[in-house]
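Student: These are the residues of each chain, in order.
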Amino acid sequence: MLKAHQQYVMNKPGFLSKYRLDGWLLLNIFVLMCVGCLVLYSAKQDWLLVERQMLRFGMATLLMIGVAQIPPPLLRPFAPWIYGFGVTLLACVLLLGDVSKGAQRWLNLGILRFQPAEILKIAVPLFLAHYLSARELPPKSSTTCIALAFIALPAFLVAKQPDLGTAILIGSTGFVTLFFAGISYRFLSGLLGVGLSALPILWYFMHDYQRQRVLTLLNPEADPLGTGYHIIQSKIAIGSGGLFGRGWLQGTQSQLDFLPERSTDFIFAVLGEEFGLIGVLLLLLTYLLLLGRGFWISIQAADSFSRLLAGSITSALFIYIFVNIGMVTGLLPVVGVPLPLMSYGGSSMVTLMTSFGILMSIATHKRLLPG
Amino acid sequence: MPILSTLKDPHKESKLYLSRVLIATGVILVGTLILISRLVYFQIIQHHQYALLSRNNQLKITPIPPTRGLIYDRFGEVLATNVPSFSLEMIRHKIANIADTLTELKTLITITPAQEQAFYKQLRYTRNRESVPIRLKLTELEIARFSLNKHRFPGIEVVAHPIRHYPFHALFAHVLGYIGPLNDQDLSNVNKVKYRGTRHIGKTGLEKFYETTLHGDVGYQHIETDAHGHVVRVQGTTPPVPGNNLILGIDLALQSAAFKAMNHLKGAVVALDPQTGDILAMVSTPTFDPNAFTQGIDVASYDALQHAPDRPLFNRVINGLYPPASTVKPLVGLQGLATKQINSQTTLYDPGWFQLNEEGRKYRDWKQSGHGHVNLEKALAQSCDTYFFALAQKLGGSALATVYQQFGLGQMTGIDFPRESSGLIPTEAWKQQTKKEYWYPGDTLNMGIGQGFMLSTPLQIAQVAAILANRGTYFAPRLVIATASPDNGDFTATESPPAMAINQFKPEQWAAVIEGMRKTVLPGGTAQKMGQGLKYSVAAKTGTAQVFNLKTDQKYEADKLKAHLRDHSWFMGFAPIDNPKIALAILVENKYETSAADVARRILDHFFSDPHHNP
Chain A
1 MLKAHQQYVM NKPGFLSKYR LDGWLLLNIF VLMCVGCLVL YSAKQDWLLV
51 ERQMLRFGMA TLLMIGVAQI PPPLLRPFAP WIYGFGVTLL ACVLLLGDVS
101 KGAQRWLNLG ILRFQPAEIL KIAVPLFLAH YLSARELPPK SSTTCIALAF
151 IALPAFLVAK QPDLGTAILI GSTGFVTLFF AGISYRFLSG LLGVGLSALP
201 ILWYFMHDYQ RQRVLTLLNP EADPLGTGYH IIQSKIAIGS GGLFGRGWLQ
251 GTQSQLDFLP ERSTDFIFAV LGEEFGLIGV LLLLLTYLLL LGRGFWISIQ
301 AADSFSRLLA GSITSALFIY IFVNIGMVTG LLPVVGVPLP LMSYGGSSMV
351 TLMTSFGILM SIATHKRLLP G
Chain B
372 MPILSTLKDP HKESKLYLSR VLIATGVILV GTLILISRLV YFQIIQHHQY
422 ALLSRNNQLK ITPIPPTRGL IYDRFGEVLA TNVPSFSLEM IRHKIANIAD
472 TLTELKTLIT ITPAQEQAFY KQLRYTRNRE SVPIRLKLTE LEIARFSLNK
522 HRFPGIEVVA HPIRHYPFHA LFAHVLGYIG PLNDQDLSNV NKVKYRGTRH
572 IGKTGLEKFY ETTLHGDVGY QHIETDAHGH VVRVQGTTPP VPGNNLILGI
622 DLALQSAAFK AMNHLKGAVV ALDPQTGDIL AMVSTPTFDP NAFTQGIDVA
672 SYDALQHAPD RPLFNRVING LYPPASTVKP LVGLQGLATK QINSQTTLYD
722 PGWFQLNEEG RKYRDWKQSG HGHVNLEKAL AQSCDTYFFA LAQKLGGSAL
772 ATVYQQFGLG QMTGIDFPRE SSGLIPTEAW KQQTKKEYWY PGDTLNMGIG
822 QGFMLSTPLQ IAQVAAILAN RGTYFAPRLV IATASPDNGD FTATESPPAM
872 AINQFKPEQW AAVIEGMRKT VLPGGTAQKM GQGLKYSVAA KTGTAQVFNL
922 KTDQKYEADK LKAHLRDHSW FMGFAPIDNP KIALAILVEN KYETSAADVA
972 RRILDHFFSD PHHNP
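Line by line, the protein sequences give chains A and B.
Sequential numbering from 1 applies to the first sequence in my numbering.
Sequential numbering from 372 applies to the second sequence in my numbering.
If we strip away everything but chain A, and leave its shape as in the complex, we get (with noise of 0.2 Å):
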């Protein structure tokens, strides 16, 4: 082990880089958990809620650490096992998981309740990285199908519980990773194609509150009590916002109760209307500092493996920022992904924090020779 450590120099020496840490990184992420418990304190006034949240950032951000001092050719043997682990737990929780709000995604382990899907978020990538890298790059045909599969079957099981959001976001983050390894043009659109010819198939198996949620999209004015509130609020709030916003806990939709799940999944529309489009454009900009500094560091990258885990992980961080707020501002059907480093709760950060703790470590372990 140590001896494989070894192998690795540090290209700086310095206090970040002996804990395998990354500067930029690490102030955007440091900046987004301020500005997130500033607008959670906002959105529910509830200092409770911000401890909280700050506990987890705390225990988070050791979490990401720890993987920061995994080399990643210590990890990638691993990869299959997570993979395999994952997609057995997801079978697990289809069989006896807790029923949340209708749906099956939670795994009580006694202390710990926790989504089964999160774990694939990463584990996809992990493991197609994987995969792919140890093939021949652009991958031949039968090893794009096969890596198909192998998105397919968990991006199924997750859809089963029913969770089509989270099913469709570790589906398109197993395809980014065929995207960086660098499947054809060709198959690319045709699989485009495939997959939009699919959509009505996907209506005729989806569940009555998913097709709610997409009609709800397209006219949300149908239903403004039901299903079409959350939307409908959300609008309000952002626009309301202003170019400087309302100030913080100023906003009246966010204090007075009329936006729902303003803490979570909607925590965007209290930035909105607080801190206007400046706040948001600044929010943006910060995520796409850390977005750069992701692929920077793909480029950088020692071998394939770590390129293309470090720009899936990196692109999968734009999708959830991307379909958030396309949800909030009504551009995407809600199907509840909370926004990066911004939303209260724990699973999706601890997934956060361990792509973020990968990137470092594949920032910070680099080969001194090329090859």
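Hints were generated in silico from the structure; no laboratory data involved.
Here the structure is a predicted model, which means the values were calculated and not measured.
One or more hints might be untrue.
[Claimed, not checked] Here are a few chain B residues that face chain A, going by a calculated C-beta distance under 8 Å:
(1) Leu389
(2) Ala395
(3) Thr396
(4) Ile399
(5) Gly402
(6) Ile407
(7) Leu410
(8) Val411
(9) Phe413
(10) Gln414
(11) Ile415
(12) Asn428
(13) Lys431
[Unchecked claim] For each label pair, taking beta carbons as the anchor points, the in silico distance ranges come out as:
(14) B:His678 to A:Tyr209: 51 to 59 Å
(15) B:Val401 to A:Phe244: 23 to 31 Å
(16) B:Gly526 to A:Tyr209: 52 to 60 Å
(17) A:Cys34 to B:Gly402: 20 to 28 Å
(18) A:Leu63 to B:Pro381: 28 to 36 Å
(19) A:Ser197 to B:Leu553: 38 to 46 Å
Cβ atoms here follow ideal geometry from the backbone N, Cα and C, with glycine treated the same way.
We have chain A already, so just place chain B on it with the hints.
Tutor: The following block gives chain B in isolation, referenced to the frame of chain A:
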């Protein structure tokens, strides 16, 4: 891995990856631009619209219902008031499972199946954020019990509402009427805006007739609320305009005396001030307690009242239709004098019957042995049918109809009360049309003694008494003499009805008829018993309205008849004769022992012993 690595070209792979990252970056930038354009659209372009929506979201206008006006008698006694009542209410959208909540509530508070049913019914018509009453009229014990457990029932509240209270219960039921819960049908008849927040409306009686006066005008509270309708702060209030108070011409003491005099009797009493038309007392018995209706009466109780054989809900004063019987004889006499068919001395021999011609049918007098020689005075005092049969024959049916109409029979009096009945004066044309029969001479005779098809209400007969009292001048009867503003107590007398007059009779003709009526209460008169020891002068006319027709040779024996087939007893009169202060009409249904005249005596005795009326 080592085997495959020989096939791999790291440089090529990294180049390929770089190109893909560039594309991905492009996609991300495009995605971000889409989001930004969406945000710019909401926050800059549509900002004003959303700001307005946000403002509307938090601002609500809630109606404040006005306080209903009170009702007083002429001396300031409160006849209808508002008292606080506590009800248990549910704010619907805060309750997850309505049925479970009700089940749990039942462990603390009695909720009958009927109340539960009423609750669910109202729930259907109620908007999400408004509250629906579950139980009305909570007792103090129930309020205390619920308060201790309030934390278990978010969304359930004890609410205080003013409710209508009639302190004299049944005494004024047929005057005031009652209010009841506002329903869809009521709403379609009123200005919906003014009734926002109002839960009750006048259903019958004065409560209905003076609904607009009593109701007042809705006020508004502009409040800032959170998403659950909780008040965050009140931004402004437009106070409601309370309804005006009503002051009735009725005298509580006289009303009570009349009610007491009618104890156990079925019938009606109306007392008027002939000089103004003000109604001093108005009693219809049997009656009911209007307080049972104010919060909505349950079906069983309502059915019981509705189908009771004595018909307690029926207002006999306004809607009771009875043959006026002998009470119309003074009018026939007047018409006889005016048309010179008779003079005050014209005498006729009464053998006990009247015949149209020698062989004709015998129209029997009520007194089988006959009244002997009778002039107008005696005919009135003894209510001689034969005399009026003869006079009616001379006058003819249409002349009778005309004089009856002049005295207000067969038409509504115009009292300030809803759904007044008009009664009936039969005419040839009417009989042709409705009965498909010719007008027989016998019909004219019957009309002359107020029988046959004639129908009138006690109120109409009271008006006849008032017209006689005033020797022709009269006013439409009215219940409400003034309205008063609840703010400053300023009275506004309701416009006095214009005086009307019957002009074709000469003073001596009035005097002759009234003399006959005076003698009615003297020894020999039909109301001699009532007239014993009178301390004031009374002019009166009694009447007996047949419920069924006796066969020609059948004798009327009240004690052998079933109660509901017994004759009705009338009393119509005024006092004192020279300066009349009170005109009366009394009807006792199915008279057995106490006659209408007996009731009249008690009422008049009270009236003339009351210092209010005898300054």
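Student: Run every hint past the structure and note whether it holds.
Tutor: Okay, the hints, checked on the actual structure:
{"no.": "1", "hint": "Leu389", "verdict": "holds, 6 Å"}
{"no.": "2", "hint": "Ala395", "verdict": "holds, 6 Å"}
{"no.": "3", "hint": "Thr396", "verdict": "holds, 6 Å"}
{"no.": "4", "hint": "Ile399", "verdict": "holds, 5 Å"}
{"no.": "5", "hint": "Gly402", "verdict": "holds, 5 Å"}
{"no.": "6", "hint": "Ile407", "verdict": "holds, 7 Å"}
{"no.": "7", "hint": "Leu410", "verdict": "holds, 5 Å"}
{"no.": "8", "hint": "Val411", "verdict": "holds, 7 Å"}
{"no.": "9", "hint": "Phe413", "verdict": "holds, 4 Å"}
{"no.": "10", "hint": "Gln414", "verdict": "holds, 4 Å"}
{"no.": "11", "hint": "Ile415", "verdict": "holds, 6 Å"}
{"no.": "12", "hint": "Asn428", "verdict": "holds, 5 Å"}
{"no.": "13", "hint": "Lys431", "verdict": "violated, 11 Å"}
{"no.": "14", "hint": "B:His678 to A:Tyr209: 51 to 59 Å", "verdict": "holds, 53 Å"}
{"no.": "15", "hint": "B:Val401 to A:Phe244: 23 to 31 Å", "verdict": "holds, 27 Å"}
{"no.": "16", "hint": "B:Gly526 to A:Tyr209: 52 to 60 Å", "verdict": "violated, 25 Å"}
{"no.": "17", "hint": "A:Cys34 to B:Gly402: 20 to 28 Å", "verdict": "holds, 25 Å"}
{"no.": "18", "hint": "A:Leu63 to B:Pro381: 28 to 36 Å", "verdict": "holds, 32 Å"}
{"no.": "19", "hint": "A:Ser197 to B:Leu553: 38 to 46 Å", "verdict": "violated, 59 Å"}
When each numbered hint is compared with the structure, violations occur for hints 13, 16 and 19.
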